[in-house]
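> Sequence:
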Amino acid sequence: MNLPKPVSGLTVGIDIGGTKVLGGVVDTNGNILESLRKDTPKTGGQDLINVVIEIVKTLQLNHKIVGIGISNAGIVSADRRTVVAAGNISNWNNVALADALQSEFNLPVVVENDANAAIWAEYRFGNAKGLNPVMFFIIGTGMGGGLIVDGKLYRGANGIGAEFGHMMVKLDGERCGCGAIGCIETYASGSALMRYAHEAIKADAQAAKSLLDFGDGTINGFTGKDLTKAAQAGNAMALSAFAKQSDWVGSAIASYTMLLDPEAIIIGGGVIDAGDLFLKPAIAAAEKYMPFADKHPLPKIIAAKFGNDAGLIGAGDLVRE
Numbered sequence: 001m002n003l004p005k006p007v008s009g010l011t012v013g014i015d016i017g018g019t020k021v022l023g024g025v026v027d028t029n030g031n032i033l034e035s036l037r038k039d040t041p042k043t044g045g046q047d048l049i050n051v052v053i054e055i056v057k058t059l060q061l062n063h064k065i066v067g068i069g070i071s072n073a074g075i076v077s078a079d080r081r082t083v084v085a086a087g088n089i090s091n092w093n094n095v096a097l098a099d100a101l102q103s104e105f106n107l108p109v110v111v112e113n114d115a116n117a118a119i120w121a122e123y124r125f126g127n128a129k130g131l132n133p134v135m136f137f138i139i140g141t142g143m144g145g146g147l148i149v150d151g152k153l154y155r156g157a158n159g160i161g162a163e164f165g166h167m168m169v170k171l172d173g174e175r176c177g178c179g180a181i182g183c184i185e186t187y188a189s190g191s192a193l194m195r196y197a198h199e200a201i202k203a204d205a206q207a208a209k210s211l212l213d214f215g216d217g218t219i220n221g222f223t224g225k226d227l228t229k230a231a232q233a234g235n236a237m238a239l240s241a242f243a244k245q246s247d248w249v250g251s252a253i254a255s256y257t258m259l260l261d262p263e264a265i266i267i268g269g270g271v272i273d274a275g276d277l278f279l280k281p282a283i284a285a286a287e288k289y290m291p292f293a294d295k296h297p298l299p300k301i302i303a304a305k306f307g308n309d310a311g312l313i314g315a316g317d318l319v320r321e
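Using the working numbering, the first residue of the sequence shown is number 1, and each one after it goes up by one.
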């Protein structure tokens, strides 16, 4: 089905995650005019496609839509039409999502990796605007990445370029969700941060009591938000966990700077909620690990402007490209 690319007008951006599907009407300035959230069905597959269709139909009731952009966690085909793999969603591999939505709505559809969609939102409307080249780290449960060079997303030959979270940094290290060993994601992500905290709690139960008191008092009920709250209050165990994570992020900044020499690196995801508790030590670590440090300047390290809406904003705009 050959459909014209929309160059203006309102679009629907959809951000598909492991637990929720966010949808929004996005204007040409990156504003969300109306939004909707639904749970991701545990069965995935056609049930998930039906949820996306339902969201788009609801948003169409009050707006004339000219295209649909999908942000999806996982690997997307180079032609931006098929979800190749998404480890955290059932029955969501090799799904011809663009075809399904075009058949339903007769509108242009693009499917994009969630980190690529998020950095596009930052580049067009946020804190990456005007920067070139610019990298993006999205650090949440995992660690995603994106790269824009000369105003274009870098996708690589197979659509999986700039997967910065899967650079191997320790050959005998932790097993990553991707199946490999020792990816930077296993040391720099939000999951790694919580692992550091859990290791410290188990190593010193007496000292851990003051940390667990920031949550419900149990290790199983202790959350990332609890850890951030504890670090902001000056808890030594929490600060130590953040320091370990920041050190690994800093080493990644140094390594990727030597590889790509970006003007800036934007950091987004849940880790940004910690503010300078995370950013300052990460920048200090990057300075410590930077090769030729006295001759090669660090790129600007900038917190992302957009939070959970970045994926749908970016996807909604990418369908206009």
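Please note that the accuracy of each hint is not assured.
Stated by the list, open to error - Derived DEER-like restraints, expressed as beta-carbon distance ranges:
#1 R175 <-> G221: 18 to 28 angstroms
#2 A180 <-> A78: 18 to 28 angstroms
#3 M168 <-> T28: 39 to 49 angstroms
#4 A236 <-> N62: 22 to 32 angstroms
If you're looking for bench data, these hints aren't it; they were derived computationally from the structure. Remember, it's a predicted structure, so these values are computed and weren't measured experimentally. Note that beta-carbon positions come from the ideal geometry of N, C-alpha and C, so glycine has one too.
> Going back to the hint list, which numbers does this structure go against?
4
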